[in-house]
Amino acid sequence: MVLEPYVLAVDPGRDKTGVAILTKTAQLVMMDIVSTASVQKELETLLAMYPTITYMVCGNGTNHKVVGSIVKTLAISQERAFAFMNEKYTTEEARRRYFEVHPPTGWKKLVPKGMLYPPVPVDDITAWIIGERWLLVNEE
121 MVLEPYVLAV DPGRDKTGVA ILTKTAQLVM MDIVSTASVQ KELETLLAMY PTITYMVCGN
181 GTNHKVVGSI VKTLAISQER AFAFMNEKYT TEEARRRYFE VHPPTGWKKL VPKGMLYPPV
241 PVDDITAWII GERWLLVNEE
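Per this note's numbering, the sequence shown starts with residue 121, numbered consecutively.
Heads up, a few of these hints could be off.
Claimed, not checked - Straight line, CA to CA, 20 Å or less: simulated EDC-like cross-link-like pairs of lysine to aspartate or glutamate:
| no. | residue 1 | residue 2 |
| --- | --- | --- |
| 1 | Lys136 | Glu212 |
| 2 | Lys233 | Glu212 |
| 3 | Lys136 | Glu124 |
| 4 | Lys136 | Glu213 |
| 5 | Lys228 | Glu252 |
| 6 | Lys144 | Glu259 |
| 7 | Lys208 | Glu162 |
| 8 | Lys233 | Glu220 |
| 9 | Lys161 | Glu199 |
| 10 | Lys192 | Glu162 |
| 11 | Lys185 | Glu162 |
| 12 | Lys144 | Glu212 |
| 13 | Lys233 | Glu199 |
Claimed, not checked - Cβ pair distances, simulated, as ranges:
| no. | residue 1 | residue 2 | range |
| --- | --- | --- | --- |
| 14 | Pro223 | Ala168 | 31 to 37 Å |
| 15 | Met150 | Pro232 | 17 to 23 Å |
| 16 | Trp227 | Glu259 | 40 to 46 Å |
| 17 | Arg216 | Ser158 | 43 to 49 Å |
| 18 | Pro241 | Lys208 | 28 to 34 Å |
| 19 | Leu230 | Thr145 | 24 to 30 Å |
| 20 | Val257 | Met169 | 41 to 47 Å |
The set of hints was computed from the structure by calculation and includes no laboratory data.
Quick caveat, the model's predicted, so the values are computed rather than measured.
Ideal placement from N, C-alpha and C gives every residue a C-beta, glycine not left out.
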């Protein structure tokens, strides 16, 4: 049995960082929001839990120099491919996707989706979108 290669995508931030793992066919495996202060430990844990992570992608937005260097160093040390990905407008897209994944209920169904704001951070969904964008550009 051959295990499918995974992509680990990271949305870097000052205080919190979104992470998502996707299959090569862009199916979401998992996503989470972790503290930026503990991002290295969290990524090491994910790499151990998902040994078929082959590609590591980091968004090029807020705090990408710090978080990106951590992701890149881990990728190199574990012989995985690494790339930065343009994350322009991913947060806005993640806010829209939040309501696709969690449709509004009650009176909020009457409010135009463009006027709704997610009640929780969407850094994990942003990482998911960064991973999808990378997969689109790197189709094999």
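- For this structure, which hints from the list above don't hold up? Result: hints 3, 5, 7, 12, 13, 15, 17, 18, 19, 20 break, sorted rising.
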